[in-house]
Amino acid sequence: MAESEDIDGQLRAVLPRLRRFAQWLCRDSVTADDLVQATLERAISRWGERRDPEALRAWLFQILYRKFLDSRRRAKRESRLLGAQDTGAQQPSVEGEVAASATLRAFSRLPAEQQHLLYCVSVEDLSYRELAEMLEVPIGTVMSRLSRARQALRQLTEEAPATPKLQVLK
Amino acid sequence: MTPSEEDLHAYVDGRLDPDRRRDVEKALQADPDRAAELEAWQRDAQQLRAGLTEQVEDNPRLDPARIRVQMRDRRRSRVMMAAALVACMAFGAIAGWQIRAARDFTMPPPMSDAVQAYRMFSSEAALKPDLETHDPAELQAWIDQKFPSAPHLPDLATSGFHPVGVRLLALLDGAGAMVLYRDEQGDAISFYIRPRVPIPRGERRDRDLLAQFGSGEHYSIAMISHDGRAAAIARQALAGSL
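So the protein lines, in turn, are chains C and G. Quick note on numbering: the first sequence equals residues 2 to 171 in the numbering used here. Quick note on numbering: the second sequence equals residues 80 to 321 in the numbering used here.
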């Protein structure tokens, strides 16, 4: 009992960031919370399988991210089966929400994988090692992908007008 | 020394220790383009952090302790379902067994009436048959009259058994009849016809007798004899009648 309370305490500490990541990925709080619940259930039932007890956050992010990718793949497959066109609408979009920043507008135009990477580094502050684990790639691959993502973001930001054109009424 | 790609990103993300940071800064002084690029990356990262760090409201549903309880409840209900299923199956098996036992108690084994008829009519001091004849055609006509679409009576002549007579029987579910055959040694085989009962093709030993039986479309047929040669003859004849 004491052990499970300890586990719950550790999970509780990561929970807000896990939920924020999920909400950002899903753009829908109900889907996001379902994703978090599924992640926690898996973490609780597979607690003994953590490779590095210190890297709980990376482990949880990894579970959540894989579940997210699975569900997205499934959704794509289903929409293909239904003959719907893949409009790329599953990609997170910050448009309309925080359109004030040129960086954010450019960010929303990046491919989903680059967005995920930059989000995890810049917003969630995951270490490169944690990212390598989460994405299941060598750390060198993480670094080169990060370079490409940062260059792409820069390029898109520079292409776009610095500020939205506002009509000033005199 | 030239900073690695990882060093540069760690510089952008503020993850270098002071010594390493100084080394990178020194290297960047010699490469102003690179320095400008990294500075821009740094600004982008800040923008993302500022724009995307949302506060998420608490959701009590996601408390780990609560999820743990839910999981346990789900597991329990699964175990309960499985247990209920096992209980149902066990109950069904026991009830089935008991019903079977009860049926065995109240229902006689298949074709008991045929065996009983054989015992009554095949002994030397037998009751008199309703029709006493050795003529197969006459017997067939008698049977056909009382049992429409009855099967052909078996011809056991090649085996040395000849019909001696037929007896009509009153059964609970209608009329039955028994044709008796004998050979020269006085050995007897009976051909028994009764209204159809749903019994599968089979045989059953009743003390010294062997009942072999099966069902056609309208009637159930049995051939009763002592075991041995007579039973083998009866078995072959029954196969022809069904």
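Keep in mind that a hint or two might mislead.
Reference listing, derived: stretches of chain C covered by chain G, where coverage requires no fewer than 3 residues with Cβ under 8 Å from a Cβ of chain G [as the list claims (entries may be wrong)]:
# : segment
1 : 56 to 65
2 : 118 to 130
Here are the in silico distance ranges between beta carbons for each label pair [claimed, not checked]:
#  : chain 1 : residue 1 : chain 2 : residue 2 : range
3  : G       : Ala161    : C       : Pro112    : 43 to 49 Å
4  : G       : Arg99     : C       : Thr142    : 21 to 27 Å
5  : G       : Ser83     : C       : Arg67     : 27 to 33 Å
6  : C       : Arg75     : G       : Ala144    : 26 to 32 Å
7  : G       : Ala115    : C       : Arg51     : 39 to 45 Å
8  : G       : Ala161    : C       : Asp71     : 44 to 50 Å
9  : C       : Asp71     : G       : Ala166    : 36 to 42 Å
10 : C       : Arg73     : G       : Lys105    : 43 to 49 Å
11 : G       : Glu85     : C       : Arg75     : 40 to 46 Å
Keep in mind that the hints were calculated from the coordinates and are not lab data. Beta carbons are placed, not taken as given, at the ideal position from N, Cα and C, and that holds for glycine.
Against the structure, the hints come out as follows:
Proximity of the segment 56 to 65 of chain C to chain G, defined as three or more residues with a beta carbon under 8 Å from a beta carbon of that chain, is not established by the 0 residues found. Counting residues of the segment 118 to 130 of chain C whose beta-carbon sits less than 8 Å from any beta-carbon of chain G gives 8, enough to reach three: the coverage restraint holds. Against the hinted window of 43 to 49 Å, the Cβ-Cβ separation of G:Ala161 and C:Pro112 comes to about 46 Å, which satisfies the hint. Range check, G:Arg99 to C:Thr142: Cβ separation about 22 Å, and the 21 to 27 Å hint holds.
As the Cβ distance of G:Ser83 to C:Arg67 is approximately 29 Å, the hint placing it in 27 to 33 Å holds. In this structure the hint that C:Arg75 and G:Ala144 lie 26 to 32 Å apart at CB holds, the actual value being about 30 Å. A hinted range of 39 to 45 Å for the beta carbons of G:Ala115 and C:Arg51 is consistent with their spacing of about 42 Å. Range check, G:Ala161 to C:Asp71: about 28 Å between beta-carbon atoms, so the 44 to 50 Å window is missed.
Remark: the range hint 36 to 42 Å for C:Asp71 to G:Ala166 is upheld by a beta-carbon distance near 37 Å. For C:Arg73 paired with G:Lys105, a C-beta distance near 44 Å keeps the hint of 43 to 49 Å intact. At roughly 35 Å, the beta carbons of G:Glu85 and C:Arg75 sit outside the given window of 40 to 46 Å.
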